[in-house]
Amino acid sequence: MDLICLGVSHKTAPLSVRERLALSSQQQLELLTRIAGPESEALIVSTCNRVEFYLAGPASGVSRDTVLAEIAARGGDGTLSHLYEHRGEAALVHLFRVSSSLDSMVMGEAQILGQVKEAFEIAQQSGAVRGELIRICEAAFAAAKRVRTETAIGRAAISMASAAVELAIKIFGDLEGKTVLMVGAGEMAELSLRHLRAAGAANMVVTNRTFERADALARSVGATARPFEELSSLLVTADVVLCSVASPAPLLTKESLSMVLKARRHRPLFMVDLAVPRDIAPDVNELEGVYAYDTDDIQRVVADNSAVRSAEAAKAEVMIAEEIARFFRERALRDGIPVIARLRARAEQIAKAELERTFASLGDNLTEKQRQSIEAMAKAIINKLLHQPTTKLRETAPQQSDHRLAGAAAELFGLESEDPKR
Amino acid sequence: MPHVLLSIACHAYASAAIAYLAYLVRPWRLFPIAARFLVGSGLVLHAIALVTAFSGQGGMPQGILQGLSVLAFLLLSILLALEIRYRIPVMGALLTPIAVAILVPPLVIGGGTNSLPNAFPRPLLPLHISVALLGLAAFGVAAGVALMYLLMDRQMKGKHFGVLFSRLPSLRFLDELNRLLVVWGFVALSVTLITGAFFAGHGFFWAWDSKEIATVVAWGIFAALLTARFFAGWQGRRVAVLTMAGFCLLLISFFTSYNAEQYRGLFH
Chain A
1 MDLICLGVSH KTAPLSVRER LALSSQQQLE LLTRIAGPES EALIVSTCNR VEFYLAGPAS
61 GVSRDTVLAE IAARGGDGTL SHLYEHRGEA ALVHLFRVSS SLDSMVMGEA QILGQVKEAF
121 EIAQQSGAVR GELIRICEAA FAAAKRVRTE TAIGRAAISM ASAAVELAIK IFGDLEGKTV
181 LMVGAGEMAE LSLRHLRAAG AANMVVTNRT FERADALARS VGATARPFEE LSSLLVTADV
241 VLCSVASPAP LLTKESLSMV LKARRHRPLF MVDLAVPRDI APDVNELEGV YAYDTDDIQR
301 VVADNSAVRS AEAAKAEVMI AEEIARFFRE RALRDGIPVI ARLRARAEQI AKAELERTFA
361 SLGDNLTEKQ RQSIEAMAKA IINKLLHQPT TKLRETAPQQ SDHRLAGAAA ELFGLESEDP
421 KR
Chain B
1 MPHVLLSIAC HAYASAAIAY LAYLVRPWRL FPIAARFLVG SGLVLHAIAL VTAFSGQGGM
61 PQGILQGLSV LAFLLLSILL ALEIRYRIPV MGALLTPIAV AILVPPLVIG GGTNSLPNAF
121 PRPLLPLHIS VALLGLAAFG VAAGVALMYL LMDRQMKGKH FGVLFSRLPS LRFLDELNRL
181 LVVWGFVALS VTLITGAFFA GHGFFWAWDS KEIATVVAWG IFAALLTARF FAGWQGRRVA
241 VLTMAGFCLL LISFFTSYNA EQYRGLFH
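For the protein sequence lines, the chains are A and B, in the order given.
165 is the number that my numbering gives to position 165 of the first sequence; each next residue is one higher, with no gaps.
65 is the number that my numbering gives to position 65 of the second sequence; each next residue is one higher, with no gaps.
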């Protein structure tokens with residue numbers, strides 16, 4: 001199948017690279033019209049943690065060159081080294097996993113499905129997705145929905161956010177009047193902020209290296225955005241600090257925080273590090289009145305969480321494999337059923353002709369009952385004869401993305417000529 | 001008669017302690033309710049026993065045994081008030097066993113009255129003793145709250161969440177409660193010091209004995225603690241540690257305020 005996935009994610013590229021490649025809806029629309037053509041379809045998924053291009057159709061190779069040129073132009077020459085590429089089934093599996101949040105920084109977070117759906121809508125608007133890619137996306141959404149409802153993977157992410165809230169409550173009693181500072185705008189950011197808001201945190205501040213990103217997140221959750229340069233003063237006023245900045249070295253160290261603590265006059269500070277690698281140095285937790293948690297610590301709060309999570313993730317992976325198989329099966333049936341139907345129609349046509357000839361030669365010597373028996377016999381012969389090829393065609397279709405067997409059947413039974421398009 | 005009442009009260013407290021401890025294992029709402037009822041009933045009987053005993057001795061406790069009995073009574077009264085107001089069964093689980101332990105010597109050794117050795121009229125003595133015991137009880141509860149704070153802080157820092165984690169109240173609540181109790185304890189302690197210095201009725205009195213030194217040092221600790229809390233924003237762990245240190249000094253003061261003959265008298 002002609003599906004190509006090109007992209008960068010939190011796993012392959014630092015934030016600086018992802019930031020340069022990130023595309024606004026408007027930019028996506030503009031780029032989609034350039035990369036999608038009559039012979040190729042395109043989809044662009046652009047979030048804080050990934051920028052991915054999905055290309056389908058016979059001319060996807062041409063689109064791929066355009067995309068590569070665009071990436072090099074936007075991100076500089078070094079960007080291509082962060083790029084990953086999946087083709088065919090691997091690309092399909094990747095899209096399914098991304099939509100199901102199995103590839104997310106925080107596995108199981110619910111936002112990504114919405115983001116992929118949004119990307120799909122934009123691509124639909126611009127007419128960049130039409131046939132195959134629509135079916136692929138719909139199958140990916142169905143898989144994601146199944147993973148979400150049939151595994152507890154989503155609950156793991158939600159429970160992380162609510163565990164953070166629970167811990168904050170164990171420190172502050174309630175979050176009424178408390179100030180929450182979000183440093184960065186990662187995938188967990190919105191979910192965590194919404195949970196904290198629901199728990200009563202009225203005062204929420206978002207800061208990010210890219211101010212626009214902070215502003216967008218702040219607006220979506222009803223927080224205020226502040227420039228990144230104000231971080232130290234923001235840390236003085238905050239009670240809860242969430243960090244999700246992709247940074248190779250810790251952003252907040254014991255030394256930098258002890259300066260802040262003096263100005264805080266011993267007020268307790270609850271810090272949650274959502275980033276991997278960590279933004280908050282582990283020894284920060286040694287400071288008096290500072291409770292610093294990373295994602296692993298938070299997960300430990302939820303009983304047996306890591307075991308549950310890996311079990312749920314394994315379950316989800318199996319589900320993805322099933323959904324991929326289902327997609328291929330449906331795709332093959334969609335293409336394969338005309339062969340089977342035509343095969344049956346052809347056989348019935350022959351039987352009908354032969355029956356008419358037989359009845360004509362026997363004349364009126366047959367009773368109604370005898371006529372029915374002969375008709376039934378003809379039908380039974382067709383059914384028995386076609387049973388094996390039909391089942392075989394249905395069974396093997398999913399494994400053969402090129403439908404070799406269906407093609408062979410069409411050729412053997414001389415069906416080719418009936419439909420010149422095939 | 002007072003002894004029988006005290007015995008029943010002590011049994012009620014012990015049952016309450018069991019109910020509170022059971023709550024730690026199984027958080028059934030019935031446990032703390034039963035415990036509160038038991039503590040309340042015990043306190044009523046205990047109060048009758050104390051009033052009966054004191055009516056014949058100038059309206060104040062005499063000797064260390066009665067002192068301990070009053071201390072347990074005040075400790076549990078404060079506990080019950082806080083428990084009803086804020087619903088903190090963990091505090092009950094911590095303090096009722098201690099109160100029972102305090103009450104065992106008066107109960108086992110008997111309610112014998114050890115009269116003060118040189119009993120000349122001291123008008124401020126009943127006030128001095130009751131306020132001192134009230135302050136001690138308040139600081140006792142504060143120390144319990146401080147211990148709970150340290151336990152909770154330890155769990156939050158160490159990220160090992162045991163049975164207590166879900167039962168303990170929030171750090172901020174414990175810190176606030178500590179502040180409240182220390183403020184009231186400090187007021188009582190100040191009154192104790194003043195009445196103690198002047199209770200002889202003829203001017204300032206200071207004898208440099210260990211009781212006085214321990215009390216004044218404890219007063220100094222709590223004065224510094226409250227100053228740091230209100231003016232430098234001190235709170236949390238360091239306040240909890242200092243509260244416990246100050247309470248230990250007050251305990252020394254309490255036990256040394258009864259002279260050696262009284263202790264010897266207990267066992268003869």
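Calculated directly from the structure, the hints in this document are not laboratory data.
A hint or two may mislead.
As a list, the in silico SDA-like pairs of lysine to any residue whose alpha-carbon atoms are at most 25 Å apart [unchecked claim]:
(1) Lys159(B) - Leu287(A)
(2) Lys211(B) - Leu249(B)
(3) Lys157(B) - Val245(A)
(4) Lys159(B) - Asn285(A)
(5) Lys262(A) - Asp283(A)
How the hints compare with the structure:
1. Lys159(B) - Leu287(A): The given pair, whose Cα atoms are some 15 Å apart, holds under the 25 Å limit.
2. Lys211(B) - Leu249(B): holds (9 Å)
3. Lys157(B) - Val245(A): Given that 25 Å is the threshold and the Cα spacing comes to 23 Å, the pair holds.
4. Lys159(B) - Asn285(A): holds (10 Å)
5. Lys262(A) - Asp283(A): With a Cα-Cα distance of about 17 Å, the restraint between Lys262(A) and Asp283(A) holds, given a limit of 25 Å.
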